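With chain U held as given, fit chain Y onto it using these hints.
Residue-level listing of the chains:
2 protein chains.
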Amino acid sequence: MPSPVNLAEKLASFSDLWSPRIVGRFNGHDLMVVKARGSFVWHSHAETDDFFLVLKGRLTIELREGPVTLGPGELYVVPAGVEHRPVAEEETHILLIEPAGTPNTGDPATAAVKVAI
Amino acid sequence: MPSPVNLAEKLASFSDLWSPRIVGRFNGHDLMVVKARGSFVWHSHAETDDFFLVLKGRLTIELREGPVTLGPGELYVVPAGVEHRPVAEEETHILLIEPAGTPNTGDPATAAVKVAI
Numbered sequence: 161m162p163s164p165v166n167l168a169e170k171l172a173s174f175s176d177l178w179s180p181r182i183v184g185r186f187n188g189h190d191l192m193v194v195k196a197r198g199s200f201v202w203h204s205h206a207e208t209d210d211f212f213l214v215l216k217g218r219l220t221i222e223l224r225e226g227p228v229t230l231g232p233g234e235l236y237v238v239p240a241g242v243e244h245r246p247v248a249e250e251e252t253h254i255l256l257i258e259p260a261g262t263p264n265t266g267d268p269a270t271a272a273v274k275v276a277i
Numbered sequence: 161m162p163s164p165v166n167l168a169e170k171l172a173s174f175s176d177l178w179s180p181r182i183v184g185r186f187n188g189h190d191l192m193v194v195k196a197r198g199s200f201v202w203h204s205h206a207e208t209d210d211f212f213l214v215l216k217g218r219l220t221i222e223l224r225e226g227p228v229t230l231g232p233g234e235l236y237v238v239p240a241g242v243e244h245r246p247v248a249e250e251e252t253h254i255l256l257i258e259p260a261g262t263p264n265t266g267d268p269a270t271a272a273v274k275v276a277i
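Going line by line, the protein sequences match chains U and Y.
Counting with our numbering, you get residues 161 to 277 for the letters of the first sequence.
Counting with our numbering, you get residues 161 to 277 for the letters of the second sequence.
Just so you know, these hints were derived from the structure itself, not from any lab.
None of these values were measured; they are calculated from a predicted model.
Any given hint might turn out to be false.
The list treats identical chains as interchangeable, and a pair is accepted whether it falls inside one copy or across any two copies.
EDC-like cross-link-like pairs, simulated, lysine to aspartate or glutamate; straight-line CA separation at most 20 Å [claimed, not checked]:
1) 195 x 249
2) 170 x 207
3) 274 x 249
4) 195 x 234
5) 216 x 234
Same shape as in the complex, but just chain U (with noise of 0.2 Å):
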C-alpha cells in the first residue's frame, strides 16, 4: 500500500545539522529535510534553483543583495547561480528541493553526503 511520508517523523529520527537526508524523489530531484543551527558557508549552484521551505524554526538565507528570512510555512526560492549563506539562530526545520547529485555547498569535495532515510 502506499503511504504518505511525514515530515516530522523523518526529522526526528536524526540528530546532526547541515546534513540533509533524503526523504523522496520528484522528476529527478531529492525532496530532503535537514536541520540547520549556525552558519552556512557561503556558496552558489550554477546550474541549479534552490528551493527552501521552513517547517520549524526561522531560518535567515543571506544574499549579496540583503537576507530575506523565513518562518514556518515560508518559501524562497535561490535562482541559480545567486550567491546565498543560510543562517538559523535556533535549530530550524527545512524542507530542501534540489537536482538528485547536487552538492549541497556547491563544492563536491566540501558537500554533505545525502542519505535516503
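For chain Y alone, kept in the frame of chain U given last:
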C-alpha cells in the same frame, strides 16, 4: 529586497476550490497552492511526477493500488503515468509542484487556468 513567500497569506487571498495559484518558480516548475474540497477527477500526467504537500486539512489520493491519506506536514509524490484522484472531505490546503504548463486534470481541454499571485 528579497521577500519570503508566506503560503498561508497566499491561501487567504482566494477562495475558489481546485484552482491552483502560482506562488513561485523552481527549475522550470510552478510552485502552487490550491484549496481542495470534494472529489477531483481521475487523471494522470504521462510526462511528470505530481508533488503534494498538505499544509492544512486532510487529503486522500486515491490510486488504483489503494488510497494514501495525508495530513499537515505530509507529502506524497504520484509517479508519472500513475492514475490518481484527489479527494478531501474538509477544505484542505496543499502545496503542489508541477512543470510549468502542466494541465491539472491531465488534459488541456478541462484544465484550470493557473494564475500567479
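Compare the structure with the hints numbered earlier in the document and write down the numbers of the violated ones, lowest to highest.
-> 2, 3
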